[in-house]
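Peer 1: Chain residues, written in single-letter form:
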Amino acid sequence: MIRLRSSAEGLIIDGTLECALVHHQRHLTVSKNARVEADLQASTVVVFGHLIGDIVSEGKVLLANGSDVRGDISCAGLFIEEGAQFKGQIDMGVGATDANVGYS
Amino acid sequence: MFNKKIRNDEDSKPIPPMRIGEQQPIRSKNVSVIGPTLIFRGELSADEDLVIEGTIEGTIAHHKKNLTIGAKGRVSADIHASSVLVEGQLDGDIHSDGLVSLAKGAAVNGNIYCSRLVLQDGARFNGKVEMAKQPALKIAPKPEADDDSYADKENRSASVSTEKRF
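Residue numbers (numbering that gives the first Met the number 0), protein chains in the order written: chain P, 0 to 103; chain W, 0 to 165.
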């Protein structure tokens, strides 16, 4: 069971999703009750729920309170709230404002 | 003159110790400050709250207390402390059984092993994070099973460096 909601702002994943890659040019949100096993690629990524997979973002990534993320994060800016669970590798490149971040 | 008096009154007020979760530098009374001009090489251990504004190279064993690396602090050391707040630069691992906070302006290269982590917008971090599950929220899984499931993940994402320091 998966619900995908697409809006002008971006894509919201709600439900259980297993796939190789979810890509959105702008904004990806993993909602609170979602369980996602996939790599995520987007300009900005916000995780409220469960994620097993890597995040690659040219912009900012937010792991909200209550989120549980296992995977590697490659991004320009990262914000982890207290109460978020995370295990993995973080690569923020040389400069926090440098957009030259991604798989090499 | 009147303004000066007000400032003195403020200075004489007791400064409350850092509460857990508060994103403030530790400024309690029982705190040692390593000043910006101080350079230390070796193993540093303390049993009181510590604020580092200087340069430290080596290891910092600082169990059960709070450690702050101030904005001017430059630390190349592995850190063992109860809770850690980083506002400056750190090259090394953080081992904490409490809260680790990387504030805006912090630059950290190393691994973080903690139970709670707060990374503020504007902080820069390169390294691995391992957070122990909080018992209040979930029952902690067996470490072996945890590592196995993550090993599969590491094999799959070969493009990201998975070199372990330990």
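Rather than coming from a laboratory, the hints here were simulated on the basis of the structure.
Don't take each hint at face value.
Cross-link-like lysine to aspartate or glutamate pairs, in silico, DMTMM-like; alpha carbons within 20 Å at most [stated by the list, open to error]:
| # | chain 1 | residue 1 | chain 2 | residue 2 |
| --- | --- | --- | --- | --- |
| 1 | W | K127 | P | D90 |
| 2 | P | K31 | P | E81 |
| 3 | P | K86 | W | E56 |
| 4 | W | K127 | P | E17 |
| 5 | W | K103 | P | D13 |
| 6 | W | K127 | P | E8 |
| 7 | W | K103 | P | D90 |
| 8 | P | K86 | W | E52 |
| 9 | W | K127 | P | D13 |
| 10 | W | K132 | P | E57 |
| 11 | P | K86 | W | E129 |
| 12 | W | K103 | P | E81 |
| 13 | P | K86 | W | E42 |
Peer 1: Looking back at the hints listed earlier, which ones does the structure fail to meet?
Peer 2: 3, 4, 5, 6, 8, 9, 10 and 13
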